[in-house]
Amino acid sequence: MNREKQAPPRPVDLPDGCTIFNVPILLHDMTTLLVSTIGEGIRLKAQGDLYKKEKDALFAQLLPQPPDESGYLTAHEGRLTEAHDWLFCMEFVSHSGKSGKSTALKARQAGKEWLSGSEADRLKALYDFMIKAHKKNKQSKWMGYNEIPFLPDNPQRRTTPNGLNVEVLAAKAFNSCPVDQWMYIKTFLQWQVEQENPFNLSQDNSIEQIFRYGNGSNAERENRWLRVLQRFLQQRLIPLGAAKTAFDSKGNHWFAITPVGSYILGATDQFAYQTKEIEGDIIVQPNFEIVFTAANPFAEGELTRYAERIGHGLGTLFRITRTSVHIALNSGMESRQILESLEPLSSKKLPANVIAQITDWGNSFRRVSLKKITVINCPDSATALRIHALFPKKTNLITDTLLEMHNNVKDLTALKTKLKKNGIGID
Amino acid sequence: MLLPAMTSTFHNPLIIQSDRAILLEVDNPLYGQARDALAIFAELEKSPEHIHTYRITPLSIWNACAAGHSAKEIVATLTGFSKYPPPEHVLSEVTDFASRYGRLRLERTADGLRLFSKDTALCAELARHEKAAIMLERLDANSFQVSPVNRGRLKQVLIKFGYPVDDQAGYRDGEALPLSLRDQMLSGGDFSPRTYQREASASFHAAGSGVIVLPCGAGKTIVGMSCIEKLQTSTLILATNITAVRQWIAEILDKTTLHEDQIGEYSGRRKEIRPITVTTYQILTHRENREAEFAHLALFDQRDWGLIIYDEVHMLPAPVFQITSTIQARRRLGLTATLVREDGREDDVFALIGPKRYDMPWKLLEQQGWIAKARCEEIRVTMDSDLRMKYAVADPRSKFRIASENPRKLQLVRELILRHKGDRILILGMYIDQLKKLAAEFDIPILTGATAQAKRDAVFDAFRQGECRILACSKIANFSVDLPDASVAIQISGTFGSRQEEAQRMGRILRPKPGENQAHFYSLVSHETTEQDFAMNRQLFLCEQGYEYRISHDEAAE
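Protein chains in written order, with our numbering: chain A, 448 to 874; chain B, 213 to 770.
By construction, these hints were calculated from the structure, which means they are not laboratory data. Quantities reported herein were computed from a predicted structural model and do not represent experimental measurements.
Facing chain A, from chain B, some residues (calculated, C-beta under 7 Å):
#	residue
1	Ile227
2	Gln229
3	Leu235
4	Glu261
5	His262
6	Glu740
7	Tyr761
8	Ile763
Below, computed lysine-lysine pairings styled on DSSO-like, alpha-carbon distance capped at 30 Å:
#	chain 1	residue 1	chain 2	residue 2
9	A	Lys863	A	Lys819
10	B	Lys585	A	Lys796
11	A	Lys796	B	Lys575
12	B	Lys585	B	Lys725
C-beta: ideal position from N, C-alpha, C; glycine also.
Start from the sequences, fold in the hints, and give me the full structure.
So this is what it looks like as structure tokens:
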């Protein structure tokens, strides 16, 4: 299709009264879900679904999003699923228990370590995971099982001989926007589709065979590119905080690539995450409640790790409790780190009793490890010594007649065989 | 997350939450104005250092309506002081609650009492209400005849139904009792009620019945006496214990023109019924066995009382509620530091005693120097290794006691006594053996439930006079014991996490002090034990009351 060449769209000023959404909501949701999986974990039905009670409780913990019908914000119902999938792919959680029976979603060590990092650290880990998955994908023929693709809805893709793929082109499209400047979404997409559509510009059908087998009419090619860009913005850039969005009551939408967005789009190596851009106080009260006098989703994300959410919107949103601090400690945070995180968030000096109490909870926190062992109960000390001599490295004498052996199927089988060979029967 | 643009209202001091909680910024320049406006229609729930939490409830709105405020005023206050637009449903609820007050009015007619409402549908509903209908005799579409005997009971039923009655049926004057407050106390010195005490009694007098809310140490007894003076009528005073009874009597004698023969003590030992009679809830609710009658409740009818004062009205026991429902023609004054009852019967207090008539935040009184500034310190005490092991293997029920009776606390008490040389110190505990050991160790008097009243009076008196500086007390000192010079309280054990006990114990040291007007409240808690867990409840409570709270460890823990 021959269209007249037009100048690229320019940044615009936002009209008054817009709602701005600038939160890596996926990071928040992953954090909230992961915090809940520490300790006993979250009960799951046999099919792996959440029980209603747990689901409702988790939804109540999520950071609220403004009402938006455009679809640019992650649909409420899908947020837990999305967070779960990412946690699972990053191997931060696992399903424990036997398949077919009710199981539990539990945090893994890697998840706990991730959780103990700052918000910027956690977001960077998320970005790096995605970038790594993207690079890996460029070198291998198929995406690995359960890996989150850089581009949504695209789990199995061919790479192209010339190295160009849809992901690179999509990133390039958004990289053309000046950082931190608002673009009217409709104009941007229209210009991209009509003027910079790689499917149209392609001399052959090679760009991943017009993004997987679409090679029909121009209209189809335009629709396909429009869909790629929309989904990339909606399912990746906005939930990851790589783009912020604004909308008004008339259905107009804008977006701006954030400084940190440039990192995931490959425009810079500098990971510049801004967490302080909203006015208003956050006050940690002596009764352990945390009051927000203005919205600050960055702080909410930070607090999710070691405080219990008790409200949404504005007002008293969190409470620090022994349980919430213990969860954080169990995830690998230290009480010092909690205080270091809390101190800059609070616009007033942290109350002395809160500092003392968190420190004290940290000092009294202990971690124990649970191991399954097999106890070998011998009729006399001579038998115990005989067995110990047979397995000097694998058994320990607990008493004269009791031995312990760590549960390892291979060792246990060997033990049984050897005992029988040596004339020691097993009850 | 919505990020609303900063508006001109952003510097206002209120945030109104959708659960009807209202947060008030203390450091805001408009704090004082907003606080005074809020106090009219919202209950102060928590007042920690920076942000105070108020709550709107149906009762708080009805209290405001009873004081003559309208929904429109309340909505205007909320909107005017709020940072962000208040949630619409909160404003609707305020209007709805307010519209319910006064829709039913109780009036006195020549034939007795008449319940009236302009709302015909509501009357029709009432006529079919299971509990109300049996007390109502339909007169016409808008009114019912009510027997005076049912006046209180009906109000109780209707408040639970969601329609508090505006009781305009009036009061009987009672037996006249001429008296006035003295300018010079008998004990010496000038006397005049403080401004807030005058305001409180004036509010009550204008209304006829209701509750005055003042913090511990603010002089509620004087408010009571001022009310008696305004009404010039015989009065029955109900107090929490015999020590409080004697204090009321001593105060009345000291500060009014009444004589000893006009003031009676109605207790286990004495049964004096005089123009002013002071008694306890305990004696009124005493009976021989569970099936027997409450014989002493007859006291309510043994004189033509013009006023009944309920001291610590949040402690009012069920039988006294019952009898109170039958004496609605007498004026009733409730005195308390908190409207919150552990049993949730605030609505009965509203229906039977009356709405809140006056409220004064303690922080304001502290700023004005009418009560002492209090500093709370929780000291975490380690346990010796032997005791630690005993604690570790004890059953859950015994653990609290083992931790509470940690002998290391004695050493710490000694250090605190040295730190507060010259101050009057109360040592408060729950376990008698522990208190006895401590009393023996420091050679100080001990008061427990078993101590005879005469000895209690003598010891309290010696403490007041400064003849003894340190006193060990069990729970008996929790309520209504006036020890004005006590400036240090050392709590060595408490009733688990009881917030009420904490408030009452704190109240013992809040009387204004000469000099820096500073009181100290120490809680000794065994480190890493269930006692510390329970202490957390008390810590939260004291912080929510706005007291400065510190946590420290004994030296052995360092």
